[in-house]
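Construct the complete structure from the given sequences, taking the supplied hints into account.
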Amino acid sequence: MGFLDSLFGRTKPAKPDLDQLFALPSAAITLQVATGFRATGAGSVCFRAMEGGEFARVQAEVQALLDADQGPKVEVTRDRYGYTWLLVRQDPGDLAALVTDLHAVNSSLENAGFGPSLLVSLVAFAEIAGAETAGPETASEEAGSPPGGRRLGLVYLYKRGTFYPFAPQSGEHRDNPLELQVRGLLANDLRLEDDLARWFPVWGAPGLAA
Amino acid sequence: MAQTRFAPDRGLTTRMVATMFLLGLLYVVLIGVLIAYGFQLIFVLIISGGLLFAQWFFSDRMALYAMHGRVVSPEEAPNLHAMVDRLCALANMPKPQVAIADSDVPNAFATGRSPSRAVVCVTTGILRRLDARELEGVLSHELSHVAHRDVTVMTVASFVGVLAGLLTRSVLWSGMMGGGRRRGGGGGGAPAVLVILLVSIVVYAVSFLLIRVLSRYRELSADRAGAFLTGQPSALASALTKISGEMGRIPSRDLREAEPYNAFFFAPALAEGFSISSLFATHPPLQTRLTQLAQISGQLGRAG
Numbered sequence: 001m002g003f004l005d006s007l008f009g010r011t012k013p014a015k016p017d018l019d020q021l022f023a024l025p026s027a028a029i030t031l032q033v034a035t036g037f038r039a040t041g042a043g044s045v046c047f048r049a050m051e052g053g054e055f056a057r058v059q060a061e062v063q064a065l066l067d068a069d070q071g072p073k074v075e076v077t078r079d080r081y082g083y084t085w086l087l088v089r090q091d092p093g094d095l096a097a098l099v100t101d102l103h104a105v106n107s108s109l110e111n112a113g114f115g116p117s118l119l120v121s122l123v124a125f126a127e128i129a130g131a132e133t134a135g136p137e138t139a140s141e142e143a144g145s146p147p148g149g150r151r152l153g154l155v156y157l158y159k160r161g162t163f164y165p166f167a168p169q170s171g172e173h174r175d176n177p178l179e180l181q182v183r184g185l186l187a188n189d190l191r192l193e194d195d196l197a198r199w200f201p202v203w204g205a206p207g208l209a210a
Numbered sequence: 001m002a003q004t005r006f007a008p009d010r011g012l013t014t015r016m017v018a019t020m021f022l023l024g025l026l027y028v029v030l031i032g033v034l035i036a037y038g039f040q041l042i043f044v045l046i047i048s049g050g051l052l053f054a055q056w057f058f059s060d061r062m063a064l065y066a067m068h069g070r071v072v073s074p075e076e077a078p079n080l081h082a083m084v085d086r087l088c089a090l091a092n093m094p095k096p097q098v099a100i101a102d103s104d105v106p107n108a109f110a111t112g113r114s115p116s117r118a119v120v121c122v123t124t125g126i127l128r129r130l131d132a133r134e135l136e137g138v139l140s141h142e143l144s145h146v147a148h149r150d151v152t153v154m155t156v157a158s159f160v161g162v163l164a165g166l167l168t169r170s171v172l173w174s175g176m177m178g179g180g181r182r183r184g185g186g187g188g189g190a191p192a193v194l195v196i197l198l199v200s201i202v203v204y205a206v207s208f209l210l211i212r213v214l215s216r217y218r219e220l221s222a223d224r225a226g227a228f229l230t231g232q233p234s235a236l237a238s239a240l241t242k243i244s245g246e247m248g249r250i251p252s253r254d255l256r257e258a259e260p261y262n263a264f265f266f267a268p269a270l271a272e273g274f275s276i277s278s279l280f281a282t283h284p285p286l287q288t289r290l291t292q293l294a295q296i297s298g299q300l301g302r303a304g
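So the protein lines, in turn, are chains A and B. If you're matching positions, the first sequence starts at 1 in our numbering and goes up one per residue. If you're matching positions, the second sequence starts at 1 in our numbering and goes up one per residue.
Check before you lean on any hint, since a few could be wrong.
[What the hints assert, rightly or not] Straight-line Cα separation of at most 20 Å, EDC-like style, residue types lysine to aspartate or glutamate; simulated pairs:
#1 A:Lys73 with A:Asp94
#2 A:Lys73 with A:Glu61
#3 A:Lys12 with B:Asp85
#4 B:Lys95 with A:Asp194
#5 A:Lys12 with A:Glu110
#6 A:Lys15 with A:Glu193
#7 B:Lys95 with A:Asp195
#8 A:Lys15 with B:Glu75
#9 A:Lys15 with B:Asp9
#10 B:Lys242 with B:Asp131
#11 B:Lys95 with B:Glu76
#12 B:Lys95 with B:Asp85
#13 A:Lys12 with A:Glu61
#14 A:Lys15 with A:Asp69
#15 A:Lys15 with A:Glu110
#16 B:Lys95 with A:Glu193
#17 A:Lys73 with A:Asp91
#18 A:Lys12 with B:Glu75
#19 B:Lys242 with B:Asp104
#20 B:Lys95 with B:Glu75
#21 A:Lys73 with A:Asp101
[Said to hold, decoys possible] Just some of the chain A residues that point at chain B, by a computed CB distance under 8 Å:
#22 Ser6
#23 Gly9
#24 Val120
#25 Lys159
#26 Arg160
[Said to hold, decoys possible] Not close to chain B: a few residues of chain A, all C-beta gaps over 12 Å, as computed:
#27 Lys12
#28 Gly36
#29 Asp91
#30 Glu172
Quick caveat, the hints were computed from the structure, so don't treat them as lab data. Virtual Cβ for every residue (Gly too), placed ideally from N, Cα, C.
As structure tokens, then:
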């Protein structure tokens with residue numbers, strides 16, 4: 001925000017940066033090769049629903065758009081802080097399709113003038129047991145959550161255009177070593193958030209629930 | 001190019017700029033008179049500047065100390081922190097410290113010299129009375145104060161008033177001690193001192209009013225930015241109504257303690273029976289704030 005905007009108290013709502021999302025598929029490959037974490041095919045967009053009929057109309061439109069293909073329907077949840085999550089599922093092997101779906105949500109909201117209400121987007125990863133040695137076998141992927149497998153979400157901050165890793169453990173604890181490891185790994189693939197104070201936890205994010 | 005629903009209020013900006021201009025003009029007039037009459041300016045300037053600088057620099061700690069606020073960690077107040085986290089991510093601003101003051105007065109304030117050194121404080125009274133959406137509205141209002149650097153703006157704005165106040169006192173004091181020390185300049189001895197005294201008093205009075213006008217505009221701006229941030233102007237309006245309704249029933253001792261820090265409060269802690277002219281109020285009347293929020297609500301819901 002500019003100096004004058006501060007001075008005159010007319011700061012505008014921050015605009016989202018949508019471009020960086022498309023770097024995700026290549027980062028997912030890096031992640032899989034180095035750690036054995038694989039995309040679960042679940043991804044979600046989190047936004048703050050604005051009051052008024054127009055936002056409700058736009059949201060319904062977005063859902064209809066995403067439900068138009070054959071895949072599973074979009075799941076809508078409202079978290080305890082009043083934010084809305086749209087959970088999209090795609091074939092775990094086709095991360096590009098997932099990112100395209102997520103981007104459709106973003107751009108629809110932005111075109112309707114609701115870009116500032118976008119909070120984060122999240123793509124879920126799960127650790128596949130023995131994945132380090134495994135080749136392209138895909139049998140276990142449909143199962144979604146192998147017992148004991150760690151979970152990881154790559155969270156995209158719209159207003160910053162940056163990603164950060166979020167690894168929830170039971171009892172609202174974060175697996176900080178894993179998060180920092182992932183940060184080191186993906187530094188070349190994604191624009192990662194430098195300011196650790198902005199890596200806020202998204203407990204119970206849809207698609208990431210353990 | 002995507003459209004935007006977040007139209008700035010040009011009228012509000014214009015009025016604010018006009019107020020700031022008048023304050024600046026006042027400052028120039030005061031300095032001009034002082035120079036014309038050859039008053040020893042440097043000393044007074046340094047004192048008033050130093051006072052205000054200290055007040056600005058330590059604003060976060062001073063306000064917390066005065067309000068008995070305590071900075072809380074995410075473990076102590078997970079919900080409050082999560083709300084602030086999300087609002088900061090929405091607004092793309094650094095996260096301020098979060099504090100809770102143990103007081104039954106339902107209120108909240110934000111202070112600190114810069115967005116990276118800011119504190120947002122809520123009282124236990126407000127936590128108890130408001131639901132999650134309303135509390136979020138209040139927090140977004142306070143975060144807007146931080147984003148607008150209202151502590152800095154109001155400190156700079158009050159400089160001329162503090163200067164004039166100090167000057168009045170020092171002229172009176174030196175007058176009583178038998179003649180002010182002056183370099184030979186304009187008029188004779190006594191008239192020059194009188195002119196400075198008179199101008200200082202007038203400047204002080206006018207700047208006092210202007211600062212309050214400015215403060216009311218800043219409040220409206222913060223309401224506006226806060227409502228845009230959450231997209232829930234009605235939740236903010238409901239919080240305002242709730243708190244204003246509660247204010248009259250608060251025990252008065254707590255209120256007097258709170259008054260010096262009213263400037264950055266969500267709603268001023270003045271009992272309703274205490275009739276204060278709207279000219280002197282630091283906050284706009286409730287009805288004005290509600291009207292603006294209703295307008296924003298309509299703006300957000302408009303098809304297009």
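Right, here's what the structure says about each hint:
For the hint pairing A:Lys73 with A:Asp94, the CA-to-CA distance comes to about 17 Å; that is within 20 Å, so the pair holds. Our distance criterion of 20 Å between C-alpha atoms is met by A:Lys73 and A:Glu61, whose separation comes to about 14 Å. Of the supplied pair hints, the one linking A:Lys12 and B:Asp85 holds, its CA atoms being roughly 19 Å apart against a limit of 20 Å. A threshold of 20 Å between alpha carbons decides the hint, and for B:Lys95 with A:Asp194 the separation of about 14 Å falls inside it, so the pair holds.
Straight-line distance between C-alpha atoms of A:Lys12 and A:Glu110 comes to about 15 Å, which keeps the hinted pair within the 20 Å bound. At most 20 Å may separate the alpha-carbon atoms for a hinted pair to count; A:Lys15 and A:Glu193 meet this at roughly 17 Å. For the given pair, B:Lys95 sits about 10 Å from A:Asp195 by alpha-carbon distance, which is consistent with the 20 Å threshold. Proximity of A:Lys15 to B:Glu75 is assessed by CA-CA distance (about 31 Å); at most 20 Å being required, the pair is judged violated.
For a cut-off of 20 Å, the pair hint linking A:Lys15 to B:Asp9 stands: about 19 Å separates their Cα positions. Distance hint between B:Lys242 and B:Asp131 is fulfilled; the C-alpha atoms sit about 11 Å from each other, no more than 20 Å. Our distance criterion of 20 Å between C-alpha atoms is met by B:Lys95 and B:Glu76, whose separation comes to about 17 Å. Between the alpha carbons of B:Lys95 and B:Asp85 the distance comes to roughly 7 Å, so the proposed pair stays at or under 20 Å and holds.
Between A:Lys12 and A:Glu61, the direct Cα distance comes to roughly 26 Å. Violation of the 20 Å bound is thereby established for this hinted pair. As the CA atoms of A:Lys15 and A:Asp69 are separated by approximately 29 Å, the hinted pair breaks the 20 Å bound. With a C-alpha separation of about 9 Å, the suggested pair A:Lys15 and A:Glu110 falls inside the 20 Å cut-off, and the hint holds. Under the criterion of a C-alpha separation no larger than 20 Å, the hint pairing B:Lys95 with A:Glu193 is consistent with the structure, at around 14 Å.
For the suggested pair A:Lys73 and A:Asp91, the alpha carbons sit about 13 Å apart, so the restraint of at most 20 Å is met. Restraint check for A:Lys12 and B:Glu75: the C-alpha separation of about 32 Å exceeds 20 Å, so the hint is violated. A threshold of 20 Å between alpha carbons decides the hint, and for B:Lys242 with B:Asp104 the separation of about 14 Å falls inside it, so the pair holds. This hinted pair checks out: B:Lys95 and B:Glu75 have alpha carbons roughly 16 Å apart, not beyond 20 Å.
For the hint linking A:Lys73 to A:Asp101, the alpha-carbon distance of about 12 Å falls within 20 Å, and the restraint holds. Residue-level restraint check for A:Ser6 holds (minimum Cβ-Cβ distance to chain B is 5 Å; threshold 8 Å). With 8 Å as the threshold, the beta carbon of A:Gly9 comes within range of chain B, its nearest partner Cβ sitting at about 3 Å, so the hint holds. Checking A:Val120 against chain B by beta carbon gives a least distance of about 7 Å; that is within 8 Å, so the hint holds.
This hint holds: A:Lys159 has a C-beta 4 Å from the nearest C-beta of chain B, less than the 8 Å allowed. The restraint placing A:Arg160 at the interface with chain B holds, with a minimum CB-CB distance near 6 Å, inside the 8 Å limit. For A:Lys12, the requirement that its beta carbon stay farther than 12 Å from each beta carbon of chain B is not met, with the minimum near 6 Å. With 12 Å as the threshold on Cβ separation, the claim that A:Gly36 sits away from chain B holds: the shortest Cβ distance comes to roughly 30 Å.
A:Asp91, annotated as away from the interface, keeps every beta carbon of chain B farther than 12 Å; the closest lies near 30 Å. Residue placement check: A:Glu172 does not keep its beta carbon more than 12 Å from all beta carbons of chain B (closest about 8 Å).
Violated hints for the displayed structure, listed by number in ascending order: 8, 13, 14, 18, 27, 30.
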